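Trainee: Sequence:
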Amino acid sequence: MATFWKNPQFRVRIEELSEDCTHEEGAENILVSLMQNHEKRTRSSQKNFMIGFYVFMVRGESGKFSAEFFNDKTPVEMKSFQNLREVMGFFWLEPGEYLIVPCTENPGQTASFVLSIFSKHETHFEYIEEAEENEDNS
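Residue numbers (this note's numbering): 1119 to 1256.
Calculated directly from the structure, the hints in this document are not laboratory data. Among the hints, erroneous ones may be present.
[As the list claims (entries may be wrong)] Each pair of labels, with its calculated beta carbon distance range:
{"hint": "1", "residue 1": "Q1164", "residue 2": "T1192", "range": "31 to 39 Å"}
{"hint": "2", "residue 1": "S1230", "residue 2": "L1135", "range": "32 to 40 Å"}
{"hint": "3", "residue 1": "E1212", "residue 2": "N1166", "range": "26 to 34 Å"}
{"hint": "4", "residue 1": "W1123", "residue 2": "G1178", "range": "13 to 21 Å"}
{"hint": "5", "residue 1": "N1189", "residue 2": "E1134", "range": "30 to 38 Å"}
{"hint": "6", "residue 1": "F1122", "residue 2": "E1146", "range": "20 to 28 Å"}
{"hint": "7", "residue 1": "M1119", "residue 2": "E1215", "range": "20 to 28 Å"}
{"hint": "8", "residue 1": "N1189", "residue 2": "I1246", "range": "17 to 25 Å"}
{"hint": "9", "residue 1": "M1175", "residue 2": "E1247", "range": "17 to 25 Å"}
{"hint": "10", "residue 1": "E1215", "residue 2": "S1151", "range": "16 to 24 Å"}
{"hint": "11", "residue 1": "W1210", "residue 2": "Q1164", "range": "33 to 41 Å"}
{"hint": "12", "residue 1": "I1235", "residue 2": "K1124", "range": "19 to 27 Å"}
{"hint": "13", "residue 1": "T1121", "residue 2": "K1238", "range": "13 to 21 Å"}
{"hint": "14", "residue 1": "S1180", "residue 2": "F1122", "range": "17 to 25 Å"}
[Claimed, not checked] Listed next, the in silico DSSO-like pairs over lysine-lysine satisfying Cα-Cα at most 27 Å (straight line):
{"hint": "15", "residue 1": "K1191", "residue 2": "K1124"}
{"hint": "16", "residue 1": "K1124", "residue 2": "K1182"}
{"hint": "17", "residue 1": "K1191", "residue 2": "K1165"}
{"hint": "18", "residue 1": "K1238", "residue 2": "K1197"}
{"hint": "19", "residue 1": "K1124", "residue 2": "K1165"}
{"hint": "20", "residue 1": "K1182", "residue 2": "K1197"}
{"hint": "21", "residue 1": "K1197", "residue 2": "K1124"}
As the structure is a prediction and not an experimental result, all values here were calculated from the model. Backbone N, C-alpha and C define an ideal beta-carbon position, used for all residues, glycine too.
Please work from the sequences and hints to get the whole structure.
Mentor: In structure tokens form, the structure reads like this:
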């Protein structure tokens, strides 16, 4: 948990649901896919990491989320770690703001990846970049 907040973070805002998108038993409205992006020429020889992702509900917070944010947060959804090139989950998420954090099982492992979001309604998606430190040169 000490380094979890250093993983890439993506904010997803789900707008008001359309009339044809109702929450019934088994009616998911968003698909999250995380795929390891191996280089083409060495794809077959590269090993997959154990990958997964967490989805947290957020309310009005902005910027990159710190370690303190994750101390008492429980994910609303998650995809357990699997040794596959791609993992995905099909979920029901209410309108609101969410934070998606892709990660590897072992801290310190880094790799190129593609995160895709498919939704049955209007959804806004953004990568949360680390805040640049202000330097005072006076």
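Trainee: Just tell me: holds or violated, for the beta carbon distance of F1122 and E1146 against 20 to 28 Å?
Mentor: Given a distance of about 26 Å, which is inside 20 to 28 Å, the answer is holds.
Trainee: Holds or violated: 31 to 39 Å for the Cβ distance of Q1164 and T1192?
Mentor: Distance hint for Q1164, T1192 holds at roughly 33 Å.
Trainee: So the hint says 17 to 25 Å: do the beta-carbon atoms of S1180 and F1122 match that?
Mentor: holds, 19 Å
Trainee: For the range 33 to 41 Å, tell me whether the beta carbons of W1210 and Q1164 fit it or not.
Mentor: holds, 34 Å
Trainee: Holds or violated: K1197 and K1124, Cα atoms, limit 27 Å.
Mentor: With Cα atoms ~18 Å apart, K1197 and K1124 stay inside 27 Å; holds.
Trainee: Take a look at whether the Cβ-Cβ distance between I1235 and K1124 falls inside 19 to 27 Å.
Mentor: Taking Cβ atoms as reference, I1235 and K1124 lie about 22 Å apart, which means the hint holds.
Trainee: Would the pair K1238 and K1197 pass a check requiring their Cα atoms to be no farther apart than 27 Å?
Mentor: holds, 20 Å
Trainee: Range first: 20 to 28 Å. Now tell me if the beta carbons of M1119 and E1215 are that far apart.
Mentor: Once the Cβ atoms are compared, 22 Å apart, the range 20 to 28 Å for E1215 and M1119 holds.
Trainee: Between M1175 and E1247, does the C-beta distance stay in 17 to 25 Å?
Mentor: At 21 Å between Cβs, range holds.
Trainee: Between K1182 and K1197, does the CA-CA distance stay at or below 27 Å?
Mentor: holds, 21 Å
Trainee: A range of 32 to 40 Å was offered for this pair. Does it hold for the Cβ distance of S1230 and L1135?
Mentor: holds, 33 Å
Trainee: Can the restraint linking K1124 and K1182 be considered satisfied, given a maximum Cα separation of 27 Å?
Mentor: holds, 9 Å
Consistency note: the structure conflicts with the earlier hints numbered 13 and 17.
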